[in-house]
Amino acid sequence: MGREARGTMLLRGILDACLLALIAERERYGYELGLALEQAGLPIVKQGSIYPLLARLEGRGHLESYRTPSAGGPPRRYYRITPEGRHELAGACEVWREVAAGVDAVIARDRSIPPGGGVDG
Amino acid sequence: MVDEQQSARIRGTVHVVENHWFRSGVPRRLRRRNAELLEAHLVEAVDDGRSIDEVVGPDVPAFAAEWALVERRNPVIGLALQTVGAPALLIGALALVNPVLQLGGPQGQVGVPVTYVGLATLVALLGVGRQAIRLSRHRLSAKRAAVLELTAVVLFGIALAAVFFGTPNNAFIAMTPVIAGALVVVGGASVGLAAWLKHRRRDQ
Numbered sequence: 001m002g003r004e005a006r007g008t009m010l011l012r013g014i015l016d017a018c019l020l021a022l023i024a025e026r027e028r029y030g031y032e033l034g035l036a037l038e039q040a041g042l043p044i045v046k047q048g049s050i051y052p053l054l055a056r057l058e059g060r061g062h063l064e065s066y067r068t069p070s071a072g073g074p075p076r077r078y079y080r081i082t083p084e085g086r087h088e089l090a091g092a093c094e095v096w097r098e099v100a101a102g103v104d105a106v107i108a109r110d111r112s113i114p115p116g117g118g119v120d121g
Numbered sequence: 001m002v003d004e005q006q007s008a009r010i011r012g013t014v015h016v017v018e019n020h021w022f023r024s025g026v027p028r029r030l031r032r033r034n035a036e037l038l039e040a041h042l043v044e045a046v047d048d049g050r051s052i053d054e055v056v057g058p059d060v061p062a063f064a065a066e067w068a069l070v071e072r073r074n075p076v077i078g079l080a081l082q083t084v085g086a087p088a089l090l091i092g093a094l095a096l097v098n099p100v101l102q103l104g105g106p107q108g109q110v111g112v113p114v115t116y117v118g119l120a121t122l123v124a125l126l127g128v129g130r131q132a133i134r135l136s137r138h139r140l141s142a143k144r145a146a147v148l149e150l151t152a153v154v155l156f157g158i159a160l161a162a163v164f165f166g167t168p169n170n171a172f173i174a175m176t177p178v179i180a181g182a183l184v185v186v187g188g189a190s191v192g193l194a195a196w197l198k199h200r201r202r203d204q
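Chains A and B, in that order, are what the protein sequence lines are.
Position 72 of the first sequence, counted from 1, bears residue number 72 in our numbering, the numbering being contiguous throughout.
Position 196 of the second sequence, counted from 1, bears residue number 196 in our numbering, the numbering being contiguous throughout.
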């Protein structure tokens with residue numbers, strides 16, 4: 001499996017929590033969220049793939065959105081987290097920490113892998 | 001600033017996506033809302049020197065399908081209801097109007113020629129097949145989707161020929177008005193429920 005494909009596959013299960021975490025920091029709109037994920041180094045194949053997730057989170061009541069005009073451009077839709085969303089985020093963080101700790105513990109058993117993975121590109 | 005050519009490409013991309021949503025049964029209110037979201041994102045991305053592909057990927061209908069699936073409530077149940085309901089409604093309605101239109105069978109008999117049953121079933125199945133391909137388009141490559149659609153059309157042609165040439169001319173299914181009416185009611189209710197599910201947003 002290619003590096004990018006593995007990254008995308010791993011991210012698929014946690015991307016909604018990443019979006020909730022970014023929106024929990026402050027209200028954001030779609031393009032901002034895409035940029036923030038990229039800047040964090042997450043391997044997003046296409047920026048637009050966040051919208052189905054945002055729609056799902058909104059449908060479940062984890063997010064709310066409102067439309068606001070922007071200076072010199074099309075209107076923007078900002079997202080804000082709901083109390084249900086914060087609860088969901090807390091649960092997702094807990095699961096993530098458990099899984100990440102478990103994976104780290106297993107991977108660290110292989111002493112041939114240097115810290116950071118040691119794989120180029 | 002986005003120039004005229006880039007602006008035309010953005011509008012073209014949004015149009016392709018909106019068209020896919022329309023054919024997938026995404027309600028108009030959501031189509032407009034999401035098209036506005038996508039257009040705003042594309043304008044800002046292009047303005048920042050990014051390509052349209054970076055936002056929607058190289059396969060625009062697949063991107064549209066992925067988003068459409070979230071905006072549909074119980075798409076598989078809707079599809080199943082449509083599969084059962086559409087032929088039942090059509091066959092029941094044809095059976096009821098047969099005494100007036102005299103499509104086949106004895107004079108004044110409620111019922112339907114077997115050829116019409118085959119045709120109604122085929123047309124309904126073709127519609128359902130196309131809808132199923134649209135719903136799962138994000139899991140298919142453009143080439144595989146095209147091959148599937150072509151296969152469906154070829155199978156439809158073969159089945160159509162079988163209905164026309166393989167059914168005896170006078171084959172007729174006689175029904176009582178109660179059975180034909182029940183088919184209309186059950187079929188209509190199924191199609192109605194499928195349409196209601198199709199136009200109701202997920203989780204609302």
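A few of these clues could be false.
Cβ-Cβ distance ranges computed for the label pairs, FRET-style [claimed, not checked]:
{"hint": "1", "chain 1": "B", "residue 1": "W196", "chain 2": "A", "residue 2": "V103", "range": "25 to 35 Å"}
{"hint": "2", "chain 1": "A", "residue 1": "V103", "chain 2": "B", "residue 2": "V154", "range": "40 to 50 Å"}
{"hint": "3", "chain 1": "A", "residue 1": "G61", "chain 2": "B", "residue 2": "E36", "range": "17 to 27 Å"}
{"hint": "4", "chain 1": "B", "residue 1": "V178", "chain 2": "A", "residue 2": "R12", "range": "28 to 38 Å"}
{"hint": "5", "chain 1": "A", "residue 1": "R67", "chain 2": "B", "residue 2": "G192", "range": "16 to 26 Å"}
{"hint": "6", "chain 1": "A", "residue 1": "G72", "chain 2": "B", "residue 2": "V154", "range": "32 to 42 Å"}
{"hint": "7", "chain 1": "A", "residue 1": "V103", "chain 2": "B", "residue 2": "I77", "range": "48 to 58 Å"}
{"hint": "8", "chain 1": "A", "residue 1": "L35", "chain 2": "B", "residue 2": "S136", "range": "22 to 32 Å"}
Computed from the model, here is a short list of chain A residues facing chain B with C-beta under 7 Å [as the list claims (entries may be wrong)]:
{"hint": "9", "residue": "R26"}
{"hint": "10", "residue": "G30"}
{"hint": "11", "residue": "P43"}
{"hint": "12", "residue": "G48"}
{"hint": "13", "residue": "A55"}
{"hint": "14", "residue": "Y66"}
{"hint": "15", "residue": "G73"}
{"hint": "16", "residue": "P74"}
{"hint": "17", "residue": "R77"}
{"hint": "18", "residue": "Y78"}
{"hint": "19", "residue": "R80"}
{"hint": "20", "residue": "T82"}
{"hint": "21", "residue": "R97"}
Residues of chain A clear of chain B, computed beta-carbon distances all greater than 10 Å [unchecked claim]:
{"hint": "22", "residue": "A5"}
{"hint": "23", "residue": "I14"}
{"hint": "24", "residue": "A17"}
{"hint": "25", "residue": "A21"}
{"hint": "26", "residue": "V45"}
{"hint": "27", "residue": "Q47"}
{"hint": "28", "residue": "R86"}
{"hint": "29", "residue": "A92"}
{"hint": "30", "residue": "C93"}
{"hint": "31", "residue": "W96"}
{"hint": "32", "residue": "V99"}
{"hint": "33", "residue": "A101"}
{"hint": "34", "residue": "V103"}
{"hint": "35", "residue": "I107"}
{"hint": "36", "residue": "A108"}
{"hint": "37", "residue": "R109"}
Bear in mind the hints are in silico, worked out from the structure with no lab data behind them.
Even for Gly, the Cβ is constructed at its ideal location relative to N, Cα and C.
request  = Could you tell me which of the hints above the structure violates, numbers in ascending order?
outcome  = 1, 4, 5, 6, 7, 9, 11, 14, 18, 19, 20, 21, 26 and 27
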